[in-house]
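Enquirer: Each chain, letter by letter, is given below.
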Amino acid sequence: MTDPAALLTVHNLACARGERTLFTGMDFRLRQGELLLVRGGNGRGKTSLLRLLTGLAQPLAGEIRWRGQAIAGSRERYHREMAYLGHLNGIKDELTPVENLRLAAELSGAPMAEAAATRALTEIGLARCLDLPSRVLSFGQRRRVALAGLVNAGALLWILDEPLTGLDVHGVALVEGLLRNHVDQGGMVVMTTHQPLALDGVAIVPLQVGPVLTAPEAVAEEEATCCAS
Amino acid sequence: MTDPAALLTVHNLACARGERTLFTGMDFRLRQGELLLVRGGNGRGKTSLLRLLTGLAQPLAGEIRWRGQAIAGSRERYHREMAYLGHLNGIKDELTPVENLRLAAELSGAPMAEAAATRALTEIGLARCLDLPSRVLSFGQRRRVALAGLVNAGALLWILDEPLTGLDVHGVALVEGLLRNHVDQGGMVVMTTHQPLALDGVAIVPLQVGPVLTAPEAVAEEEATCCAS
Amino acid sequence: MLRFLTAVIRRDLKLAARRRGDWLTSQFFFVMVVSMFPLGIGPDPAMLAKVGAGVVWVAALLASLLSLSRLFADDHRDGSLEQMLLSPNPPVLLALGKALAHWLIYGIPLLLIAPILGVQFALPADAIAVLMLSLLIGSPVLSLLGSVGAALTLGLRGGGVLLTLLILPLYVPALIFGAGAVDAAVAGLGAEANLSLLAAFMVMTLLVSPWVAAAALRVSIE
Amino acid sequence: MLRFLTAVIRRDLKLAARRRGDWLTSQFFFVMVVSMFPLGIGPDPAMLAKVGAGVVWVAALLASLLSLSRLFADDHRDGSLEQMLLSPNPPVLLALGKALAHWLIYGIPLLLIAPILGVQFALPADAIAVLMLSLLIGSPVLSLLGSVGAALTLGLRGGGVLLTLLILPLYVPALIFGAGAVDAAVAGLGAEANLSLLAAFMVMTLLVSPWVAAAALRVSIE
Amino acid sequence: MNLAIFKYAAPMTFYRLAGRMIPWFAWGAGILTAIGLYIAFFVAPTDFQQGEAYRVIFIHVPAAWMSMFIYLVMAFWSAVGLAWNTRLSFMMARALAPTGMVFAFLSLWTGALWGKPMWGAWWVWDARLTSSLILLFLYVGIMSLWSAIDDPRRGDRAGALLTLVGAINVPIIYFSVQWWNTLHQGATISMTKAPSMAATMLIGMLVMAFAAWFYAIATSLVRVRGIILERERHTEWAAEILEGK
Ligand code: HEM
Ligand SMILES: Nc1ncnc2c1ncn2[C@@H]1O[C@H](COP(=O)(O)OP(=O)(O)OP(=O)(O)O)[C@@H](O)[C@H]1O
Ligand SMILES: Nc1ncnc2c1ncn2[C@@H]1O[C@H](COP(=O)(O)OP(=O)(O)OP(=O)(O)O)[C@@H](O)[C@H]1O
Ligand SMILES: [Mg+2]
Ligand SMILES: [Mg+2]
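Line by line, the protein sequences are chains A, B, C, D and E.
Taking the numbering used here, I'd label the letters of the first sequence as residues 8 to 236.
Taking the numbering used here, I'd label the letters of the second sequence as residues 8 to 236.
Taking the numbering used here, I'd label the letters of the third sequence as residues 346 to 567.
Taking the numbering used here, I'd label the letters of the fourth sequence as residues 346 to 567.
Taking the numbering used here, I'd label the letters of the fifth sequence as residues 400 to 644.
Some clues are possibly wrong.
[Stated by the list, open to error] Quick look at which bits of chain D chain A covers, simulated, 3 or more residues with Cβ under 8 Å:
#	region
1	356–364
2	431–443
3	514–524
Note that these hints are calculated values from the structure, not bench results.
Small disclaimer: the values here were computed from a predicted structure and weren't measured.
Each residue gets a CB set at the ideal place from its N, CA and C atoms; glycine is no exception.
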């Protein structure tokens, strides 16, 4: 707890959904330049954990501190330094990618010129879709719009829930590049994914939620947990 | 077209969604004991093809015949021999797995005893979730309920849209077993998946929708297609 | 055939029993819309008696519209509508079954609640009887026509409002004959003429709308 | 701060402009509910004039309720609500901005349409003026209180009906004072008393409801 | 840490405490009701203006009082819960609501029964009656909101917010007879004409009011015990109790 470089510290965290306790007594800390990789089977509470970390959900017990302060008490400051990408993209179907990007920038208080938005989207591989309503974009393309927004927010801490879903091989490589870049420049990442990830050279802090999934011999075990409350 | 063993024949099929033509001039036939594996990148029209095959959607051009008759003209007979599992599970959140299974059976005109439903669900690995409302089941478990319904329908032709989504390693092995069984007993399968599939010994008919996805060199090519038409 | 119809109806009744909250809420909406009017138009009993039938009928229309917007939507969203359409039975029976189930679940309670609301509007006893009768004959129309609208607007954004827009005009005859019957009773005239017109309208919708709804379903599901 | 508020409002206006269909439908619903009544209660002009204000007000309540059920729902479904809550700005401003945008988009048109409907109900000219004034003061209440209900019922099954159930009782004062003002004008009495009560109520909701809606949003989004 | 232990322990101790209190309040409610009804029907004389119908007052007034009072208590617990995030206070609010709704319904129903002989109509749209009806709607709305939300913690807080917003209705009911010129209430004047009768009336009404109090406490304690058990069924002590049954 006294590590001054650990900007994000989590102490004795417990999470409940409905009547079910997903995890208790979770502790970890994250320094600049580190990536926390949350692992665990389906329904073990990865998404729930990330939402606690964003401050959107309240923990059952325990504390999350950012720069030494509980995030519940300093929401606005924390949100200025944090960006979140969940299962949902948070883009509006009616607007074009450019409009979406500019809107997000405006709402976060740092308006963005049209040219800058175009550039950001081009970099992420959406050069030809700039003027289509997002509704007609494919799943992967929509994901890319959201990723462009994330990069543009310029936050120190990224919280990413399965950022690779829906992306093809090129997309995955692109995200890996973004992550490597961000961490190299002293950024912090908390993320989860079910897919393998090629992030050599990045300081990865692993975190397991629920039991480690191993070979398929233990079907009985799996069933025993399926309805455990 | 004159192959008498080919129960399902597709001739010159074309499909359009919105203003976009996804594919044209598709031809194939499927015999008993064969599995048609539809491959293709995201948004290429796999789901659209399967929905044409179920008769839920109408093709832009071309014909789908079952036992030599156009399916549009003999819906009820076709539907008696065909079962479909799409992206959605088609189970009701409010009901327990047992109730869901029995309901589906009743609607298809072959009521099912409670004991039989319990047995079917136990076989698919849901022994401990029989009496929970499906709402609280995990994604994979819900998928299993739908699979139990599929097996129980006893259809000759299975049309499966990414049946492996949400399943863990054990679940995937289970589905592979089901598929192998079904085909061995003279059943027919049309399916799509993005995951690798271990079906040695099964007569697989491959079908590609859209261009074959290869190594990640051709980013330019990919972008060129992203907003085509 | 008939077995499929009853299976569909039993299914919906069972589901309604599971989400009793939704069901009660809908009944309550009806009561509340009706109770809102005297607040808007003032407490004079003579006037309330005059408008009572109209208000109850309009509220019944609105209440059934709100529940109709979810007639097929829930089943569509979780994929069970698709599965039912793929069962080896004519879709007409599905549409008819769903509409009848809606009537049993949402229509019947309306006519049981109506007398209490009639009292609030100072309607005389025989007018209340006619009100119930008119709702008994008229409420199937709401469910049947509504099923057409629900099928047409399935899966569209803002479907609820659009549904209203499509269906309210079709409801107009039911409203006129239904409220007209009660008004006639309040005025001491016979309600038979209106009621038999209402019954004729009901029979017509019963014969036509399942077919239209089934066709609309097939279009919407594509 | 203020920039965030205007950004939220501008955003919603832009989105509304993109889905003009939804917007028109809502206005149409208002017109249609009101037009339904003369059919239900008969054409006598004297009586119509008496009930006119109440009917218009009730229809305004219902119309705004219908559009309110999607106030936060669309943003919730596509995740942009989450993102807005995570922006470094107080959620109160978000709730206030959304409510104000709703008022601009759905409230203002109501009061522009109202005179035409007033004519249908044979309201005298000065009563129509009062009707518009009462809607001008009263419609923000609908949007503000409604935003509380929309936030509370966010993401719930059957949310639309539930919203109605929660919010209609809270709307009652607005309805009573609003329709009361017009009735007073029709009766030739002064409408000021009612209008100033309405204004007081409006100010109160303006001060209180954004806070409650913001709290409800945070609860609902969990 | 201490606080956490306190939070977990509180429901359990309260569960036991409530279990011990329930019989007392239940019996109290029964006995007081018996006495109150005896006074109402046998001791209190017939009113010379209203005849026998006025005896409804012994149910009507306590029910009306309780319907408003319970709402205020609910609002109190909701505020406490929102402010200090104490689970027990939300449970109390949930346990109170059904009883409050019953009383609200009872006051409307008895009022309607009384209104027919008094005013010649079951129902009139005056301010007190209307606001009482809205109180019923609020109860129903709050309970529907609870039942629509699966997640108990979310439901608790959403319900609490709605309860607080609706609380403004209670003063409106209470003062409606003073603020607006209404039909309601004229009755009391005729009763004060015979002072001796007013005394028995008052005693009868107070006894019935206490009976209603005891009843409300007993029922909500029973309900809160059920809620606690359901919420805590994963804890050891609750599981033990559930198994013991
Ligand atoms: C459905 C109709 C009625 C409703 C909703 C209703 C509601 C209420 C309420 C909420 C109270 C408690 C308010 C307070 O303590 O100040 C109350 C008290 C009372 N009500 Fe009613 N009432 C109704 C009908 C009647 C009728 C018909 C009568 C008799 C003519 C009546 C006579 C009284 C009396 C005497 C009290 C005692 C109030 C006092 O003395 O302060 N009520 N009613
Ligand atoms: N209201 C509720 N009542 C009971 N259990 C709930 C409730 N809401 C969520 N849960 C459970 O909590 C868990 C939530 O898990 P979460 O979404 O965090 O999983 P995850 O690790 O992100 O899984 P995935 O890999 O599928 O994304 C699930 O097991 C779910 O069944
Ligand atoms: N209304 C429409 N207008 C234009 N294009 C549309 C419309 N509806 C669907 N499409 C396009 O048609 C395609 C549908 O593809 P389909 O869902 O069949 O893909 P898929 O191969 O199943 O993809 P996935 O692997 O993601 O499941 C998508 O590219 C989509 O953008
Ligand atoms: Mg997840
Ligand atoms: Mg697909």
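Enquirer: Next step is simple, just say for each hint if it's right about the structure.
Expert: How the hints compare with the structure:
no. : hint    : verdict
1   : 356–364 : holds (count 5)
2   : 431–443 : holds (count 5)
3   : 514–524 : violated (count 0)
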